[in-house]
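All chains, full assembly: derive it from the sequences and hints.
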Amino acid sequence: MTALLIFFLLVVLMLTGMPISISLGLTVLTFLFTMTEVPLESVALKLFTGIEKFEIMAIPFFILAGNFLTHGGVAKRLIRFGTSFLGHLHGGLGLGGIIACALFAAVSGSSPATVVAIGSIVLPAMVQQGFPRQFGAGIITTSGALGILIPPSIVMVMYAVSTNASIGQLFVAGVVPGIVLATLLTLLAWIVARRRGYPRLPRASWLERWRAFRESIWGLLLIVIVIGGIYAGVFTPTEAAAVSAVWAFVVSVFIYKDLKLREVPRVLLASANTSAMLLYIITNAVLFSFLLTHENIPQGMAEWMTRQDLGPTAFLLVVNLLLLVAGSLMEPSSIMLIIAPIVFPMSQALRIDPVHMGVLMTVNMEVGMLTPPVGLNLYVASGITRMGLTELSRVVLPWVLVMLGFLALVTYWPPLSLWLPGMLFR
Amino acid sequence: MAAVKKQPLLLRGLDHLEELVILCLMGAATLVTFAAVAHRYACGIPSLQPYLLGVNLGWAQELCIYMFVWMAKFGAAYGVRTGVHVGVDLLVNRLPPRLRRTIVTLGLCGGALFTGVVGTLGAKFVWELSRTDSTSPDLEVPVWIVYLAVPLGSYLMCFRFLQVIASFWRTGELPHHDAARVEGLP
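So the protein sequences, as listed, match chains G and H.
Final position of the first sequence in the numbering used here is 426; the numbers increase by one with none missing.
Final position of the second sequence in the numbering used here is 612; the numbers increase by one with none missing.
Don't read these hints as lab results, they were simulated from the structure.
In this text, a Cβ means the ideal position worked out from N, Cα and C, and glycines have one as well.
This list has only true hints and no planted wrong ones.
Under the rule of at most 30 Å between Cα atoms (straight-line distance), these lysine-lysine pairs were calculated in the DSSO-like manner: (1) G:Lys53 / H:Lys550; (2) G:Lys260 / G:Lys76; (3) G:Lys46 / H:Lys550; (4) G:Lys257 / G:Lys76.
Which stretches of chain G does chain H cover? Using the computed rule of at least three CB atoms under 8 Å from a CB of chain H, they are: (5) 9-19; (6) 266-275.
As structure tokens, then:
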């Protein structure tokens, strides 16, 4: 009963169009002042302690690193690297773009940033080469979603924050599914391109490939810093994020010199703006899940779930549907923070691995970024291509179907995500 | 954002101060954390040890957290001004104009109310803390100074919401953060 009231209030407040963070906070306040006897002091304390965790600070650092990379000329070198290997195939520039997206995803933690960084260079070039606009827009918008699956990933940090799962294990668990998805997308794009006879680039010599690799090595070193650093125990995830922010700064300003020193304050300000927004949602989501826990709602729902005798298969289906609906209406971070604390106890009751759960929720968020009405990747891509949201959603649709197939694979074949962390963290 | 030029000097000063504060906190927190990591590994190099072992950077993690908490609180206020706080505005934008105006105003008032209440709760909390002598574990600064971020940030955010309400009624426009805008494109 209380649960219904809380969610009803939350949904009504959200429908007024007020920020999600404020809706969460107001729901909690309304409850505290009218219905429960939680002492206000403990709430005040939560307001301060909500984001006082060092793990959470990985988020602003990854955002900063991502912003430096987007403006610092890393993207164009990754594209050159990608096309030097696949450019001679049909649709070569597009295939190179997918590889560049996967590599950029491995150095940054956000999907829209990946679409901006790679798409703003590859898409105009593809149109110039004679590709139909729809093809390029479709594949780059979709491969941009790799940003949150291939580590580092801001959405995974959000999941870890709300469920106390290990960030390192989650990151490692994203590697294999990320590679599989990137391969799948490249393969399908190549088949389509070959059937339609899309343009090819001249084959690059091994010398050119080596040059392209040497050019992009500075950016690619970030993969070593993040994954290698966390895995080898050199850094905590947050420290790895801070080091990659500094490294991204050095690479953009001093090595590639694509970013002027006087532009750095603007990058800092933009990163602070985004980070503060996310941290503000976290603060209020922590408050909200504190209220839920105090009212015993997640536990109650977990018990209810066990009584329904729903097996893991049916449960995961329900979770996927719930997340897909939520994903098309809200942006990923809020969903993770609101839904993860609720479904997590249930998945625990069904003995679903927390890391597997995290990966499948992340893949769900990827799909959410591609589906209208609210899909961040669509917004960003429409800004680059000047295509309307409706048209763009239509050209992305076939790729969304591919993603749904991939989601089913991730959901019902846990070894795909659990094999690598199982090997490494034993 | 067209109204910016007409604003009095004091308000413009506040805007700039706000931007400067969050920008510096962002940069400083990164450098501090980086320095702590670098220091930890540099200590492993024998020739550097005599210089570095005397330096204790154990407080870096705490400082980083506090800087980000401050950045988050003031950045959230800045975010109201830039319209970066996302909401579900699909339904509202389909309503007839007059109804939409009312609902949007209600939503904004909700924001002002929430931040106002939180600011007040925070101020009370800080006031009580200031009469104790509790200090933070590593930096040993009085905690009430650290937690001052909450009332200050929340009141500033409340003020920003009121500003947005005023300009919404005047011009009918909301600050809009354009995620689709890509720099460097024609």
